[in-house]
Every structure is written in C-alpha cells, then in structure tokens.
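At position 125 of the sequence shown (counting the first as 1) the number is 158 in this note's numbering, and the numbers step up by one without a gap.
Hints may contain errors.
Unchecked claim - What follows is a list of derived Cβ distance ranges for each label pair:
| hint | residue 1 | residue 2 | range |
| --- | --- | --- | --- |
| 1 | 52 | 125 | 32 to 38 Å |
| 2 | 136 | 109 | 22 to 28 Å |
| 3 | 76 | 46 | 21 to 27 Å |
| 4 | 49 | 126 | 32 to 38 Å |
In short, the hints are calculated from the structure, not lab data. Here the structure is a predicted model, which means the values were calculated and not measured. Cβ atoms here follow ideal geometry from the backbone N, Cα and C, with glycine treated the same way.
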Amino acid sequence: MPITKAKNLFLGKEEGLERMNCAQSVIHVFQDKFHIEKDAVASFKSYGGGRAPEGVCGAYYAAKYALERIAPEKTEELKDFFIKHAGSVICKEIKAEKKLPCLGCVEKSAEFLKNIKNVSYKADHTR
34 MPITKAKNLF LGKEEGLERM NCAQSVIHVF QDKFHIEKDA VASFKSYGGG
84 RAPEGVCGAY YAAKYALERI APEKTEELKD FFIKHAGSVI CKEIKAEKKL
134 PCLGCVEKSA EFLKNIKNVS YKADHTR
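Whole structure, please, built from the sequences with the hints as guidance.
Written out as structure tokens, the structure reads:
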C-alpha cells in the first residue's frame with residue numbers, strides 16, 4: 034500500500050490530493066510511521082527536481098530524512114540500497130545514467146521505508 038500510494042501521489046493519481054514531487058510523495062506516505070511534522074509535505078515542495086541539499090534525489094532525501102527521525106543507523110544502508118538500484122544518490126547523475134526514472138526512485142525509497150521494522154505505519158494515512 035505505501036509504495037503504490039507514493040507512486041500515485043507522484044503521478045497525480047491519488048484521489049483528492051494534488052500531484053506531488055518525488056520528495057513530497059515519499060514524505061507524505063510515511064509521515065505517521067516516522068513521526069514527521071504535519072507541515073513537512075509543504076516544505077518538501079522545494080526538494081523535487083534535483084533541488085534537495087547537495088543535489089541529491091528528492092525521493093532519497095525524503096527517505097533519509099524520515100530515517101534520521103527514528104532509525105538513523107539505517108541511513109547508510111539506505112544509501113547503499115539506493116545506489117544499487119539508481120546508480121547514485123545525486124539526481125542529475127541518476128537522470129544521466131537512465132538506470133532508474135524518477136518514479137522508480139519514489140518506488141525504491143518507499144520500498145526501503147516500508148521494510149523498516151519496529152515503527153507503526155498507518156495504512157489509512159490521510160494528511
């Protein structure tokens with residue numbers, strides 16, 4: 034469910050919600066699970082399209098941000114996972130390599146966060 038919802042948010046297919054960028058899509062779906070503040074989705078609007086700090090992928094940045102809240106020991110594992118699938122964590126490098134499209138970055142970030150245990154995810158998240 035969270036992977037599909039993140040992808041649908043990115044594609045603008047989530048009923049009742051506006052289309053979100055890669056960073057917003059990931060952070061929105063995992064707000065409850067990772068105890069992320071309510072206004073984070075709006076602030077992550079500026080992190081799409083390679084505009085996250087240091088030029089990292091917005092979806093990766095959102096996943097890392099979420100992990101740092103609850104499971105900071107998993108951030109290096111996330112980075113390795115992301116590089117394995119996308120080839121880099123830097124947006125322009127990912128796009129140049131064409132290994133994984135933006136939607137795939139959203140999917141992989143959501144997949145990694147979904148598999149983090151010992152935190153509770155609310156499937157009916159409606160923020």
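Structure versus earlier hints - violations, ascending order: 1
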